[in-house]
Every structure is written in C-alpha cells, then in structure tokens.
Amino acid sequence: MSSGAREDLQIAVLTENGDYSVSTNDTFARVLYDLGLKTTTRRIFPSNIKGAPSRYFIRTGQNAKMALRSNSDIAIILIEERAERVLSRLRPGGLVIYDPDSYIGEKIDPARDDKDISSRFYRDALNYRAVPLKKLAADNFEDYLMKRVMRNVIYVGFLSSLLGIGFTEASEGFAENFADKGEKIVDNNLKALKLGRDYAENLNSLTDEFQLTRSRCERDTLFMRGNDATALGAVMGGCTYASWYPITPATSHGENLERYAQRYPLVVEQGENEDSCLGRALGAAWAGARASVSTSGPGFSNMAEFVGYSSFAEIPVVIFNIQRCGPSTGMPTHTKQGDLRAALHISHDESPRVVLTPSTVEQLYSYSWQAFNIAARYQMPVILLSDLELGLSHFTTEKLDYPDEPVDEGKVLSPAELEELEKYSRYEDVDGDGVCPRTLPGQGPTYVTRGAYHAADGRLSEAPEDAREKMERLFKKMTTMKENNDLPAPEVEICNSAGAGAIVFGSTRYAFEEARENLTTEGIELSLFDLPVLSPFPTKELHEFLNQHKKIFIIEQNYSGQLMSLIQEKVSHDHDFQPLRSYDGRYMNASIIEERVKESLLNERK
Amino acid sequence: MSENRGSKNKYSPVDYETNSSANLCPGCGHALITRALRQAVSELNLPPEKLNVVAGIGCSGKTVAEIKANGIHTLHGCAAPVAMGSQVANPDQEHILISGDGDSWAIGSGKMIALLRTNLDLLYICENNGTYGLTRGQLSPTTKIDSPTRWGMVSDIPPVDGIGIAMVTGATYVARGFSARQELLVEQIKGGILHDGLAYLEVFSPCRTFNDHEGSHHSYKYCQRHAADFPKISVNDIEADYPSDSELEHEFTYEEDGRQFGLEFDNLDEMPEYDPTDLNLALKTWEDYWTEQIIPLGLLYIDESQKAHHERFYSEEDDYIATLEPEETRPSREDFSIILDQFR
Ligand SMILES: Cc1ncc(C[n+]2csc(CCOP(=O)(O)OP(=O)(O)O)c2C)c(N)n1
Ligand code: SF4
Ligand SMILES: [Mg+2]
Chain W
1 MSSGAREDLQ IAVLTENGDY SVSTNDTFAR VLYDLGLKTT TRRIFPSNIK GAPSRYFIRT
61 GQNAKMALRS NSDIAIILIE ERAERVLSRL RPGGLVIYDP DSYIGEKIDP ARDDKDISSR
121 FYRDALNYRA VPLKKLAADN FEDYLMKRVM RNVIYVGFLS SLLGIGFTEA SEGFAENFAD
181 KGEKIVDNNL KALKLGRDYA ENLNSLTDEF QLTRSRCERD TLFMRGNDAT ALGAVMGGCT
241 YASWYPITPA TSHGENLERY AQRYPLVVEQ GENEDSCLGR ALGAAWAGAR ASVSTSGPGF
301 SNMAEFVGYS SFAEIPVVIF NIQRCGPSTG MPTHTKQGDL RAALHISHDE SPRVVLTPST
361 VEQLYSYSWQ AFNIAARYQM PVILLSDLEL GLSHFTTEKL DYPDEPVDEG KVLSPAELEE
421 LEKYSRYEDV DGDGVCPRTL PGQGPTYVTR GAYHAADGRL SEAPEDAREK MERLFKKMTT
481 MKENNDLPAP EVEICNSAGA GAIVFGSTRY AFEEARENLT TEGIELSLFD LPVLSPFPTK
541 ELHEFLNQHK KIFIIEQNYS GQLMSLIQEK VSHDHDFQPL RSYDGRYMNA SIIEERVKES
601 LLNERK
Chain H
1 MSENRGSKNK YSPVDYETNS SANLCPGCGH ALITRALRQA VSELNLPPEK LNVVAGIGCS
61 GKTVAEIKAN GIHTLHGCAA PVAMGSQVAN PDQEHILISG DGDSWAIGSG KMIALLRTNL
121 DLLYICENNG TYGLTRGQLS PTTKIDSPTR WGMVSDIPPV DGIGIAMVTG ATYVARGFSA
181 RQELLVEQIK GGILHDGLAY LEVFSPCRTF NDHEGSHHSY KYCQRHAADF PKISVNDIEA
241 DYPSDSELEH EFTYEEDGRQ FGLEFDNLDE MPEYDPTDLN LALKTWEDYW TEQIIPLGLL
301 YIDESQKAHH ERFYSEEDDY IATLEPEETR PSREDFSIIL DQFR
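Those sequence lines, one after another, are chains W and H.
With the first letter of the first sequence counted as 1, position 192 gets the number 192 in our numbering; the numbers rise by one all the way through.
With the first letter of the second sequence counted as 1, position 223 gets the number 223 in our numbering; the numbers rise by one all the way through.
Keep in mind that the hints were calculated from the coordinates and are not lab data.
The reader is advised that the hints may include incorrect statements.
Pairwise CB distance ranges (calculated) [what the hints assert, rightly or not]: (1) H:Thr323 x W:Arg263: 14 to 24 Å; (2) H:Asp319 x W:Glu255: 23 to 33 Å; (3) H:Asn280 x W:Leu344: 50 to 60 Å; (4) H:Val168 x W:Glu80: 49 to 59 Å.
Even glycine gets a Cβ: it sits at the ideal position worked out from N, Cα and C.
Generate the whole structure from the sequences, applying the supplied hints.
Have a look at this one:
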C-alpha cells in the first residue's frame with residue numbers, strides 16, 4: 001500500500017438521522033480545519049427527527065475545494081439502507097469502514113468464511129475494514145445514551161489515526177467544543193476518541209495511504225456556515241430588529257441572531273407565522289428600527305402581501321430567503337434555486353424590490369450588511385436569496401472585512417432638518433431620484449403611511465395622475481440605485497481565449513470554480529459571470545459578457561430555467577445559451593458541470 | 001365628572017382632527033368611536049406626534065385618516081404584528097390599534113392570539129359591527145346566530161367571543177363599550193391608553209348601512225335594549241380634577257408626561273358581588289351574560305401586575321432600538337474581531 005500524501009480527501013458517513021452524530025461530525029470537521037486544512041461539509045438528510053438514512057460528508061485537505069465531490073475516498077457505513085449507493089460513489093481503492101456486528105458486516109466481512117462476495121455491498125475495487133464500534137461503545141460506556149453517542153466519537157478516533165492526526169490535536173478540539181456540556185461529557189468524548197485511535201493503532205495492517213499532507217503556513221481564514229455569514233452580515237448591517245419562524249434551512253440564521261441579541265442592541269422575536277414576522281419587521285422599521293426577517297420557501301410564500309406593502313408604503317426591510325426544494329412542502333432538507341421568479345414577482349400587481357444573489361460565504365456576509373443600507377436608501381424590500389447548500393454547509397473562507405461603508409439610514413429627516421423646511425410632504429420627490437425623505441413617528445409631522453394610492457402629501461388619492469406618478473417614481477428608484485452604484489458588482493473572470501462562458505449564482509459557484517479549474521487542465525477555458533443581483537438586473541454588464549462569448553452556459557438549480565428566461569427577457573434572445581440545470585434536490589458538483597460542458601463543446605465540433 | 005376638566009390641557013379634541021376624511025356613512029358607529037378617541041387623547045394631553053395609530057383594513061381601519069397622529073394603515077388582519085414591531089421598537093410612543101370584527105377575528109384571528117398573549121403595551125380597539133361593512137354587509141365571525149344580514153343571510157355558526165378570548169389569552173384590561181355611550185367610551189379609552197399592558201376594548205359599533213335593521217342583533221336599538229351595566233370607570237387628572245382632595249383613594253394611578261392620573265370604579269357599590277381584578281369571576285360573569293345575550297358595558301377585567309412585552313427586551317439603561325443613532329447599531333471593530341474569533 002502506498003503511503004499517502006493526500007491533499008484532497010472526502011469522507012462519507014452513512015448513518016441514521018437523529019443518532020447524535022451530527023455534532024460529532026461537525027466537531028471533527030472543525031478539528032480538521034483547525035489543523036490548517038481547507039475543509040467543507042455537506043449533509044444529505046431526511047426531513048424527520050429520528051431514523052431514515054442520513055449522510056454527512058467532510059471534504060478536507062490542503063488543496064480541497066469547497067464543493068462536494070461526486071465521489072468519496074472513505075465511507076463509514078453504520079446502516080444498511082442506502083449503503084449500496086454510498087459504496088457506488090466511492091473511488092476505486094476507497095476504504096469502507098463498517099461494524100462487523102451489523103447486518104452489513106455479516107455480509108461482507110472478509111474475515112468470515114461465509115462472506116458473501118455476491119453481496120450488493122461488496123465491490124472488488126474497494127477495501128474493507130471492520131471496526132467493532134458498537135461493541136467498543138457497549139463495553140466502555142455505562143448508560144444507554146452514551147453507548148449510542150460514543151460510537152460516533154469512536155469512529156472519529158479511528159479516522160483521526162487513519163488520516164494521521166495526533167491524538168492531542170483531535171482531543172483538544174473535542175474538549176473545547178464540548179466544554180460547556182460539562183466535564184463528564186468531555187471525558188467521555190476523549191475516552192471514546194482514544195478507544196477508536198487505539199483500535200486503529202493496534203491493527204498492524206492499517207493503511208497509511210489516507211494520511212493528509214499538512215503545511216504549516218500562516219493563514220487568515222474562517223470556518224463558517226452560510227447561515228453564520230448572513231446572520232453576521234445582518235448584525236454588521238446594523239440590524240436592530242429581526243423576526244423569524246422556524247423552518248429548515250433558515251432556522252440557524254434566526255438562532256444566530258438570537259445569540260447576537262444577548263450582546264448587541266438587537267430585538268429578535270419568533271413570530272406566529274411568516275407574514276406576521278414581516279408585519280412585525282415593517283412595524284419596527286416604520287418606527288425607526290433596521291429590520292429583517294428570515295425564512296425559506298413556504299414561509300416566503302406566506303409573506304407575499306406584505307412584500308408588496310413594503311415596496312408600496314416605502315418601508316425598508318431585508319428578507320432573507322434560504323431557498324429549499326419546493327414547491328409546497330417539497331423536500332425541506334434538500335437544496336434548490338427555485339425561488340428566483342418568486343422573489344422577483346411575489347405579491348400581487350407589481351412593485352419594485354431588490355433581489356440579491358450571493359454565491360460565496362464572503363458574498364453572503366457582505367451582501368447581507370449591504371442589504372440594510374440599500375433597503376434604507378431606497379425604502380423598499382431587499383430580498384437576499386441564499387440556499388440550503390450555502391446556508392447549512394461549513395466552508396473554509398477568506399477572512400471577512402469590517403464593512404467599508406457606514407451604516408446609512410437613508411433619507412430620514414431629523415426634527416432640526418424638518419424645521420428648516422418650509423413645507424414637508426412625505427411622498428414628494430424633492431431631488432428627482434425617486435426617493436422621498438421620510439420622518440420617524442414622534443420626530444416630525446403626522447401623516448398616514450399606507451398601502452393605498454396617495455398624493456404626494458400622503459393623503460388618499462385615486463386620481464390617475466397621482467397613480468401614474470406613484471408608479472413611475474417607485475420604479476425610478478431602480479434606475480437611481482444603478483446610477484449610484486449602490487448594488488454589488490458582478491464578479492467576472494474573462495479568459496481571453498475562451499469562446500465560452502458561464503453564468504452562475506448562489507451555491508453552484510463553488511462547484512463551477514472547481515469544474516473550471518479541472519477543465520483548464522484539459523485545455524478548455526471558460527469565463528465566469530457571477531450574477532450578484534437579479535433586480536434591478538445588471539443588463540449592461542451581462543450584455544458585455546454575452547458579446548465576448550459565443551456560447552454561454554447558464555447554471556441553475558431549477559427545472560424551468562428561471563435565470564435563463566430572465567436573461568433572455570433582459571438581455572438577449574439570440575445567443576447560444578446552454579442550459580445546465582439540476583432540480584433533484586442534490587448538491588451540484590464539478591463532475592456534472594465538466595461532463596455537460598465537454599459534451600456540449602464536443603457536439604459543436606462534430 | 002367636572003365639566004371644565006382638562007382646563008389645564010394644551011390640546012382640545014379639534015387638535016386631533018385632520019384634513020382628510022374616511023368617508024364613512026352618516027350614522028356609522030365607527031365615527032363615534034373616532035370622536036371619543038379624540039376627546040380621550042385630548043384629556044390625556046397627548047401630543048399628536050406621540051400617538052402611533054396602527055389600523056387594519058375595513059371601514060373601521062379607514063378611520064385612521066381622521067385622527068391626527070402618526071398613522072399606519074396596514075393590511076387586512078395584519079395590524080397586530082405591525083403594532084407589535086412598532087411598539088417594541090419604540091415604547092415611548094403611545095400605541096393605539098384600530099380594527100374591525102372581521103379584521104380581528106376572521107382573517108386576523110391567529111395574529112390576535114399571538115398579540116394578546118404578549119401583554120404588549122397598547123390599546124386595541126375592536127370596532128365590532130357584526131358584519132363586513134366595507135365589503136357590503138356579509139356575515140362576519142361575530143354575527144350572532146339568528147341575526148340576519150341586510151341581504152337575509154343567517155348564520156347558525158356560533159359567533160366568536162372576542163372578550164372571552166381576550167380574557168383567557170392574557171389581555172390585562174378588557175372593556176366593552178358602545179359607540180352611542182360616548183362618556184363611557186372616553187373613559188374606557190383613557191383607561192386603556194394609561195394601562196401598562198394590553199388593553200382590549202371591544203366596542204359595539206353599529207353599521208348604519210348594512211346591520212342596523214330590524215332583526216339584527218347589532219343595531220343601535222338592540223344594544224340599547226340589551227345593554228347592562230358593568231363596572232364603570234372614570235379616569236381623572238389628579239391635580240386638575242381634585243385640586244384639594246389629594247387624599248382621595250384611586251384604584252390605580254398612572255403617570256403620563258409628568259401628570260398623575262387616577263382610575264376609579266364609579267358604581268362598584270351597586271354590584272357588590274363583582275370584582276374586576278378577579279379573572280375567574282370576570283370570566284364566569286361574562287360567560288353568563290354572553291349566553292343570555294346581554295351586552296354588559298364597562299370595564300370587565302383589569303390587572304396591573306403583569307410585565308409589558310417590551311420589558312422582555314430592554315434593561316433600564318438600554319435605549320429603544322428605534323432611537324439609536326445609525327452608528328450605534330453596528331458592533332465596533334473590536335467586537336467584530338471578537339465575533340470572528342469563534343470562526344477562526
Ligand atoms: C386579504 C384581503 N382579503 C379581503 C379583503 C377585502 N376586505 C376589505 S375590508 C373587509 C372586511 C372588513 O370587515 P371588518 O373587519 O368587520 O370591518 P368593517 O368594515 O366592518 O369595519 C374585507 C373582507 C382585503 N382587503 N384583503
Ligand atoms: S358601511 Fe357600515 S361600517 Fe362602513 S361606513 Fe357605512 S355604516 Fe360604517
Ligand atoms: Mg365589521
């Protein structure tokens with residue numbers, strides 16, 4: 001067996017949902033990151049609490065990428081269901097770790113005389129290693145719960161050894177992570193780690209080919225989930241009021257804010273449903289707070305009427321939509337990018353809103369804080385579309401910067417400023433940019449803020465000229481914000497020789513980056529256009545990009561090609577657009593993109 | 001009470017009039033509530049800028065146009081959450097919510113429960129006319145059994161009992177008024193505004209156009225005939241109204257803008273068996289009346305001992321979030337670095 005110097009390794013853990021392995025796996029991923037390894041995680045899990053197969057992936061290494069790979073190097077198989085599928089996605093030479101005292105163990109244990117080579121769990125190209133996890137846990141821990149939980153820590157102990165991680169390195173991470181759970185829990189974790197490690201070290205035939213290369217370079221990185229980045233962005237955007245209602249995969253954004261609320265001037269409330277959450281946020285914003293809500297698909301639909309209200313009554317608010325697979329209940333724990341059109345059009349009739357589409361952790365963070373300034377400046381809803389893959393997965397990311405722009409409340413007149421005015425009308429566009437100065441209740445003259453048509457002074461009016469003026473002015477804001485460069489700019493990377501380019505947004509950017517690098521080594525170059533905002537649409541920039549490329553791949557995770565149709569509507573119908581779509585709830589990976597790109601380019605040459 | 005009351009006041013009811021109209025039908029009960037509201041806030045000497053009036057959709061909610069205040073006209077059934085956000089963001093403002101029976105108890109019913117259980121410091125006025133006025137007289141969730149609409153529709157589904165729900169869900173001031181009893185209404189509104197917590201005031205407020213006909217259980221006549229007295233209250237400016245009698249015992253006292261107000265029960269001696277601070281008794285009595293289709297008018301229940309919702313979010317030294325300067329809303333560079341440490 002060759003001694004490894006792995007720089008990019010992927011581990012898959014197949015287990016039963018709710019068996020307490022998630023926090024163990026999270027902690028292990030964190031340990032790997034702490035060792036200086038680029039690390040990312042993914043979960044493929046069912047929408048239930050206990051039972052049913054659940055997969056946890058850790059991709060790690062000095063050269064690991066931030067997308068999930070289509071295949072793994074090591075699999076820990078703890079249950080039978082779905083095992084075949086996980087095994088079929090192991091690379092040749094991959095290692096299967098299983099428990100001999102399980103059904104699957106009975107079938108494939110090479111040490112057994114009656115081993116079943118014809119078993120669907122047996123593959124020639126793989127290596128198998130039995131580790132008696134259950135037995136070790138049963139023999140060494142007292143109560144029922146610990147026997148179950150520590151089984152997971154034992155396999156981590158085993159893995160650490162396999163990957164060449166020192167016991168102290170691993171145990172420090174676990175001790176730190178579980179410190180607040182008490183000494184007993186920490187001791188149990190360390191004991192279990194040691195059991196797993198000792199088991200590995202006592203095997204004289206354990207392969208060293210999975211040992212990870214580590215360099216001792218200085219680094220300035222962070223390890224966080226997308227929902228950590230958006231919550232942090234909200235706080236740095238000066239958010240002072242947030243309301244949310246539990247929903248996968250947006251919950252952790254709200255829970256993060258609850259924690260920030262203990263230290264910073266931020267009120268966080270769990271509302272009774274999502275439209276109420278948005279109503280509360282708008283009430284707070286009207287009173288003078290900087291407000292936001294966070295949700296996912298079903299909750300977003302629930303907010304519909306208030307979105308238009310926010311736009312029409314001109315009350316700033318930020319709406320975080322961490323997309324999941326819909327429609328309806330859909331697949332709550334699976335990813336998709338199907339809410340583009342919903343974000344653009346949600347609420348009856350028509351009303352302007354900003355729709356941001358961050359695609360990396362850095363963007364999730366910076367667009368989030370910018371969203372609060374944009375909402376305040378243009379007095380309208382800003383919808384930030386994240387997705388389940390971004391929201392729930394951990395990423396190793398460049399360090400984040402303190403916002404380079406002050407908190408801006410936009411045009412809010414102070415009592416002193418009001419005094420200098422001869423006359424004030426809430427909806428009078430004094431400087432012609434579409435945005436009218438507002439006042440806060442208690443700080444100025446009284447008037448009614450409303451969702452009904454009104455004249456410039458805020459009084460009800462159904463006069464056609466007032467109606468026209470209102471609509472024209474509302475939509476004018478969309479042009480103003482472009483002229484003022486108030487929106488995040490697209491990240492564009494042009495390869496000169498490239499005849500082809502790709503447009504991405506959201507989580508697929510990571511998979512695309514990897515595919516792009518791989519394709520380059522094969523002599524295929526692709527330019528990149530990372531779309532930061534859907535509304536107002538960056539027509540000019542995209543037009544330029546299209547002009548530079550004959551063939552354009554449009555990568556998106558929905559069936560009907562919502563982005564593609566938008567590009568056709570806003571930029572051009574006549575282009576060689578190559579749709580690259582997935583809509584099965586699964587994470588995008590580089591192989592899918594590479595294959596489709598190659599296929600398309602080959603066809604062209606034929 | 002004294003005729004010249006409020007002589008110390010800077011404001012008179014006219015100061016709360018606006019130059020816009022809600023265009024209600026002549027004789028509409030809602031207009032009378034607006035009138036009482038203006039009277040009440042002037043007696044409390046509340047500057048219009050200090051009033052935040054949050055309104056739902058309906059003829060009831062439309063009246064926000066006729067009260068000089070910071071108004072926000074929201075969505076059908078959605079005034080509650082908007083008021084909650086606003087009140088929590090800036091409890092220094094006095095919050096009044098105006099809603100109809102459909103707005104509150106049909107489309108807004110879930111939000112009502114959520115609001116009532118918080119004890120948010122605001123006065124909730126439910127203008128109950130037993131019909132959907134603005135959409136032309138359909139059945140509402142409070143339409144009584146055997147009370148036909150103007151178009152002859154009859155419901156045999158029992159009506160929602162807003163007062164009962166408010167009491168069991170956690171409102172700490174529950175009163176029943178009638179548009180046509182202005183004096184009572186003014187005192188009820190004043191008491192509700194001063195009350196430190198959630199005041200639910202349901203006003204029997206006839207719809208002149210669609211639900212004031214013979215046979216309706218929501219007409220002016222019906223209410224006059226079925227009304228029964230409940231504890232009446234009066235709310236007085238202690239210094240102005242009792243200059244020489246500071247010894248007088250008030251049931252509850254409040255401070256508003258440096259002035260002391262006292263709340264008293266006027267007629268409790270006539271109903272010795274009743275105690276408006278006893279929730280069980282209040283509920284039981286109310287339910288008896290409800291079954292007998294009697295309309296008690298007065299203050300049914302009061303509890304001043306519960307903490308108001310916003311107190312959950314602020315300590316003594318905290319500024320309210322709506323009053324922060326923009327730069328105060330963002331953590332400092334040092335804090336940012338501390339936050340990032342957990343991700344490093
Ligand atoms: C979401 C929504 N559905 C329906 C309507 C139409 N609508 C307006 S007012 C109203 C009923 C109002 O009844 P109520 O709350 O009792 O107020 P009233 O007019 O009787 O004072 C309805 C159904 C609406 N504005 N919004
Ligand atoms: S329809 Fe009824 S509730 Fe509406 S304004 Fe006329 S009388 Fe009042
Ligand atoms: Mg009504």
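Evaluated hints:
Range check, Thr323 (chain H) to Arg263 (chain W): about 19 Å between beta-carbon atoms, so the 14 to 24 Å window is met. Range check, Asp319 (chain H) to Glu255 (chain W): Cβ separation about 25 Å, and the 23 to 33 Å hint holds. Taken as a hint, the range 50 to 60 Å holds for the pair Asn280 (chain H) and Leu344 (chain W), whose Cβ atoms sit roughly 54 Å apart. Checked against the hint of 49 to 59 Å, the C-beta distance between Val168 (chain H) and Glu80 (chain W) comes to roughly 51 Å, which is consistent with it.
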